[in-house]
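Here the structure of chain L is known, so what remains is to put chain W in place on it, guided by the hints.
2 protein chains.
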Amino acid sequence: MNAEIIAVGSELLLGQIVNTNARFLSQHLAGLGIDVYYHTVVGDNPDRLKAAIAHAEARSEIIIFTGGLGPTKDDLTKETIARHLGKELVMDETALASIELYFKRTNRVMTENNRKQALVLEGSQILANDHGMAPGMVLETGGHIYMLLPGPPKEMEPMFLQYGGPALSSKSGSNEKIVSRVLRFFGIGEAALETEVMDIIEAQSNPTIAPLAGDGEVTLRLTAKHPDENIAHTMLDDVEKKINQRVGEFLYGYDNISLLQELTKALKKRNLTVTAAESLTGGLFQQELTAISGASSVFKGGVVCYSNEVKQHILQVNQETLEKHGAVSEQCARELAENAARILAADVGISFTGVAGPDELEGKPVGTVYIGIAVKKSPTIVEKITLSGTRDAIRNRAVKFGCYFLLKNLKESQNAK
Amino acid sequence: MNAEIIAVGSELLLGQIVNTNARFLSQHLAGLGIDVYYHTVVGDNPDRLKAAIAHAEARSEIIIFTGGLGPTKDDLTKETIARHLGKELVMDETALASIELYFKRTNRVMTENNRKQALVLEGSQILANDHGMAPGMVLETGGHIYMLLPGPPKEMEPMFLQYGGPALSSKSGSNEKIVSRVLRFFGIGEAALETEVMDIIEAQSNPTIAPLAGDGEVTLRLTAKHPDENIAHTMLDDVEKKINQRVGEFLYGYDNISLLQELTKALKKRNLTVTAAESLTGGLFQQELTAISGASSVFKGGVVCYSNEVKQHILQVNQETLEKHGAVSEQCARELAENAARILAADVGISFTGVAGPDELEGKPVGTVYIGIAVKKSPTIVEKITLSGTRDAIRNRAVKFGCYFLLKNLKESQNAK
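Going line by line, the protein sequences match chains L and W. Sequential numbering of the first sequence, starting at 1, is according to UniProt numbering. Sequential numbering of the second sequence, starting at 1, is according to UniProt numbering.
The set of hints was computed from the structure by calculation and includes no laboratory data. Some hints could be false.
[Unchecked claim] What follows is a list of derived Cβ distance ranges for each label pair: (1) 153(L) x 241(W): 33 to 39 Å; (2) 153(L) x 365(W): 39 to 45 Å; (3) 140(L) x 73(W): 37 to 43 Å; (4) 54(L) x 242(W): 57 to 63 Å; (5) 294(W) x 313(L): 19 to 25 Å; (6) 362(W) x 83(L): 50 to 56 Å.
[To be verified] A short list of chain W residues far from chain L (calculated; beta carbon distances all over 12 Å): (7) 20; (8) 93; (9) 104.
[Said to hold, decoys possible] A short, non-exhaustive set of chain L residues, derived as facing chain W with CB atoms under 10 Å: (10) 176; (11) 177; (12) 179.
All figures in this text were calculated on a predicted structure; none of them were measured in a lab. Backbone N, C-alpha and C fix where the C-beta goes; we use that ideal spot for every residue, glycine too.
Extracted from the complex, chain L is given alone in its bound form:
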């Protein structure tokens, strides 16, 4: 089957936002074995939307709409589709109830135009919105499947993963099962990894191997098709083994797991708690750690020591260290990691100090980063790395390197035993 994604919203045509929904849906449709041939973006204009629907019907079996399900008068996706298909919009009591509940929960006053969000295409399957108000819809008619999804990614993405995707795979007739697995690497560049495994990639057609780089990480997506799901999985295992013989040392995890989730797992497994002293990263490590539910079992808290006062008075870094070596130094990173672990009574202390830019600091160039890792009962290590890119990129990569170094340290100290 093939699909087309139509994003509705003038804010996209004005360049106010970028169409990340098309990317998200394309990735997951590929995983379902559904080919995407077109993305279309059209504004909040019924006539142009109607025209776009007509074009899509002429060339695509599945038509997925995002956006235009909101409460305001320029939200007109379902109204336009209803008119185009000659269908009625009917009140969905379940959706209405959950919208009313949403307002009760958030102590806000429901306005009349919020009721409009509970109107759905007659005869459509409703996709519940667990993170917002507008319900999604799937309607199969006239040889096409129409799926309507809300525009905000934080509503659309979980809705598609939980309800939309499954609804499509149940409708797509193919008896081939599509199984895919993402291998996640860190500490090796995309070009280097591709060179290592190029011959394997080129020799493969099923499973396919697709490299994708982003944010210092490199991933390989393996996708196998076979009527027997177990055989498809075995096919993935075989290719993965081949790949790991070449670059296995850089593999840190699978699918959507992040370095921080992997680190949290490793700490839990060893019954270790971690704390952080963040100068360069200003709380980024701790906020990403606590974004993982259940982080409280490995993390009690930490300190953002942006200034030297806080490094000295809260984390007891020696004044001499700051005067002699500066805050961006191996010595400071070491004291921050060790003192944070002691003062916050954690098994592991990690510290981040460096220069995020735009200006250099203490005569050290932008991108200079020291990461201290103090693990109870083993010698403290300090890694120096040099990063490039924007302020955000440097901070983000520093956190990833910190996780990577600590993970390596935990695994090695375990192997040593």
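Structure of chain W alone, referenced to chain L:
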């Protein structure tokens, strides 16, 4: 004039990359007074690209292509357009020379298929590529303007700014200037805001008023067209005044400024420093604050007090408070804010405590949030809010509400003086 943007590349349809080029071009075309009615994405497939061109010609005057100008065999944008228009591809000696120079500069060996990049549509105006090899083209024929741009943003963006945009404005007869301004609101829902200003929106055609919601914020984009730019700005001022008479209390800033940037400005203006005690938000407030370069003038550091131990031992919250009221309580938020300000020697202390989920805490439901604000020399306030959504959404909104409450507090205490 109106335009359509056609991005060519299978990597977009596979979701490997997101179409940021369409956003960039849309923003700048709006600035040139050119309306964008459609974005289309099509793969590296000549037949589907031909079909997309035909659709575009039927509805758009200007057709801008990005991507598919590379040296490899699946780069076929100009070849397909040439065949579609019955034009020849001719070698452009200037482009060829600059490609040869490019290889000399980067000490790389030029391959035969790089010569192919110097082939251009006969009769087209060449747009030099100062950051890569593939030249861009503009061709005016049959009542349409065709513009071909390379795919990589670091080549496309400077090419459009320097050569492509000017080429279009010289061709488009319009002498109208387009001026737009974004009003940013917080603390009012999209539906509620639109109900307030609906009549103004409907009465307006120039300037136009477009609402956009996201992440608890609502924005209104005002866009005015007039040959005299100063008059266009005055038109915006008039509409803004009307809008602010209704909902001005919720306006916090303009254009791309964030609540945190606005807060940083307000603190700087008053020579105040801020610290944070983050339980619920786990460092998110501090990491977003330090993501702003120059934050160090208002922020020295703070504490992530995820566990009660850290609340007690680092931030000196009374054991009795935690036992009697719990960590998710008005009393705890108050002590956290006040003690953080005292212990970290800051003028302002802000605290975040609450239940991010997925599970309830201390018998308090997910979404319960207390934000404490302790400003030197004025009574500490604690705001209780109830949020819904994912763990991330709750944490993100809590930070925004914290900024909003603190901003309000600073402005009011100033007005009080």
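Taking C-beta pairs only, is residue 20(W) more than 12 Å away from all of chain L?
5 Å, violated
Falls inside 39 to 45 Å, the C-beta gap from residue 153(L) to residue 365(W)?
25 Å, violated
Least C-beta distance between residue 104(W) and chain L, which was stated to exceed 12 Å
22 Å, holds
Against chain W, is residue 176(L) within 10 Å by beta-carbon distance?
18 Å, violated
Taking the beta carbons of residue 54(L) and residue 242(W), is their distance inside 57 to 63 Å?
For residue 54(L) and residue 242(W) the Cβ distance comes to about 39 Å; the hint is violated.
Does the claim that residue 93(W) lies outside the interface with chain L hold up, using a Cβ gap greater than 12 Å?
At roughly 32 Å from the nearest Cβ of chain L, residue 93(W) sits farther out than 12 Å, so the non-interface label holds.
Verdict for residue 153(L), residue 241(W) (Cβ pair) under range 33 to 39 Å
34 Å, holds
Lying within 37 to 43 Å: is that true of the beta-carbon distance residue 140(L) to residue 73(W)?
39 Å, holds
Under 10 Å, Cβ to Cβ, is where residue 177(L) needs to be relative to chain W, so tell me if that hint holds or is violated.
Interface hint status for residue 177(L): violated (20 Å vs cutoff 10 Å).
Does the Cβ pair residue 294(W), residue 313(L) satisfy 19 to 25 Å?
Holds, at about 23 Å.
Distance restraint hint 50 to 56 Å, applied to the beta-carbon atoms of residue 362(W) and residue 83(L):
Since residue 362(W) and residue 83(L) have Cβ atoms about 51 Å apart, the given range 50 to 56 Å holds.
Given a cut of 10 Å on the nearest C-beta pair, is the interface hint for residue 179(L) held or broken against chain W?
17 Å, violated
Going through the hint list in order, the structure does not satisfy hints 2, 4, 7, 10, 11 and 12.
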